[in-house]
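The task is simple: from the sequences and hints, build the whole structure.
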Amino acid sequence: MEPILKYVDLLCKTFGPESDQLHGYPGHPEIELALLRLHERTGDNEHLALARYFVTVRGSKGQEGLNYFDWESIKRGDDPAKRPAFYPEARCLWYHQAHAPIAEQPSIEGHSVRAMYLLTAAADLVRVDPQFKGTKLEQAIFRLWQNMTERKMYVTGGIGAIKQWEGFGQDYYLPQGSDEGGCYAETCASIGVMMLAQRLLEIDLDAKFADIMELCLYNTVLTSMSHDGKGFTYDNQLASCDADLSRRCDWFTVACCPPNISRLLGQIGGYAWSYSTSADTRSASVAAHLYIPGKLSFSVGQEKVQVSQRTEYPWKADIEFELESGAVQLDLKLRIPGWASSHDLTPACPEATVQKGYLSLPAAWLAANKSFRLSLPLKSRWLAQHPFTNQHTLARARGPVVYCVEDVDNSWVDDHFKSVYLDYEGTWDEREVADESTGDKYIALTLQNGARRLNTTRINSAPLIDAKELQSSLESSNAIAKLNFVPYYFRANRGGKGHMRVGLKR
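Sequential numbering from 1 applies to the sequence shown in full-length UniProt numbering.
Calculated directly from the structure, the hints in this document are not laboratory data. Where hints are given, some of them may not hold.
Derived EDC-like pairs (lysine to aspartate or glutamate); straight-line CA-CA distance at most 20 Å [claimed, not checked]:
1) 418 with 475
2) 136 with 204
3) 505 with 423
4) 418 with 469
5) 468 with 423
6) 505 with 414
7) 295 with 312
8) 295 with 320
9) 304 with 331
10) 497 with 436
11) 370 with 351
12) 497 with 414
Encoded structure:
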């Protein structure tokens, strides 16, 4: 660690609040996270102080009365009217989340990955530094999270509608594809959402954060790598078009996403569970956030604790738990997803309570029940866009998995499913599929007699369409006997024409 510690010492001397230091911060937040992790390893308060400084000074006018990026620009002799390539406009401080201190920002703006890494560091700071508990910084983190998830997040957990700056658009601006106004949803951004959610769960154990974490994992994150691990996506649009087919690439010039997903999957246990211990009282508390097969093992004093999960979730409804806790008083909290209309615990626990979406199982019951099962209903359901998006589309989901339609299973499509209209009258079939080309197993969905294909060649649009004519054309359109859906993460794994869509018109 000696080389990196020397480098960090140089940063600590260069940046800070003193008169002989630069009052600045990085263009792409990430070192803040590293400094906080380094502090947890070394205990060096200078590392914590620099992370604190970078997070709190960002967006202020502390460098000779100027925003640090403006000051740098003047020092370089930049043309103030010139717009850098990725900026939406000249002097675009909000691209870097540097237009105001975090505590004063009313909405999430700018480059989405930068925003997630910055807020993750801020949440880490609140978690490890008691002076920030209950402050405006903590309030801002939750405020910006809410703005993002309620107004700027796709149904797949993707964030960032604008390709130019790889980031957020206006509230409710969530087009599905390039020819509809945008849609970027970068892989690293959704990984960043998961990172932030994991930190927020450490501050406030509320299932709404884990629900979003799970949504990102099973959709935008998993779709970013092909089944064989050789193809990748950088952006993850919800609809294809002729200019942007649903395809994968072998690699990228800026190859941040492939190693990022590898790192995430290698650390997935840290997202699945969190726990705390007390050696004095020989007690421990575990929260299960994600239902993936695995084991959590740790020690309380000399006693070993192990929590095992066996499951085929999200395809099958049951999660089997086995506990080994010795003399440790162990309590366990199980997330009940927001989409779950019910839950069942076998054997029953009359003392169990649900708090902020977590089923809390007391230590006395767990001492007598080392094995038990949680069952969640996995029924497919419609998902609708917020009315303010003006999308008027429906998507299908089953548990945490969002579905899409692809030309591989619907060979008749020639327009990226733009002319497909849905209704509620059809029936749904579910079937377990073992895909011949990849070997992957999943639940496929088929909508029978629940969609029509509008014949657009019969519609005169110069420039408007008579509403009655459109309705008549739709009613007389041919019914689609079978509309086949596959998990969104599975798209672009089997060849085809590259036609794909998540949200279909209703």
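Here's how the hints hold up against the structure:
Only pairs whose Cα atoms come within 20 Å are accepted, and residue 418 paired with residue 475 is accepted, the gap being roughly 16 Å. A distance of roughly 16 Å separates the Cα atoms of residue 136 and residue 204; the hinted pair therefore holds under the 20 Å criterion. Our distance criterion of 20 Å between C-alpha atoms is met by residue 505 and residue 423, whose separation comes to about 9 Å. Restraint check: the Cα-Cα separation between residue 418 and residue 469 comes to about 18 Å, which is no more than 20 Å; the hinted pair holds.
In summary, the hint linking residue 468 to residue 423 is supported, as the alpha carbons are separated by about 18 Å, within the 20 Å threshold. For the suggested pair residue 505 and residue 414, the alpha carbons sit about 16 Å apart, so the restraint of at most 20 Å is met. Among the hinted pairs, residue 295 with residue 312 is consistent with the structure: their alpha-carbon atoms are about 15 Å apart, no more than 20 Å. Distance check on the hinted pair: residue 295 and residue 320 sit about 12 Å apart at the alpha-carbon level, within 20 Å; holds.
With a C-alpha separation of about 15 Å, the suggested pair residue 304 and residue 331 falls inside the 20 Å cut-off, and the hint holds. Proposed proximity of residue 497 and residue 436 is supported: the alpha carbons are some 18 Å apart, at most 20 Å. Pair hint residue 370 plus residue 351 holds up; C-alpha atoms about 16 Å apart against a cutoff of 20 Å. Note on residue 497 and residue 414: the hinted pairing holds, with a Cα-Cα distance of about 9 Å set against a maximum of 20 Å.
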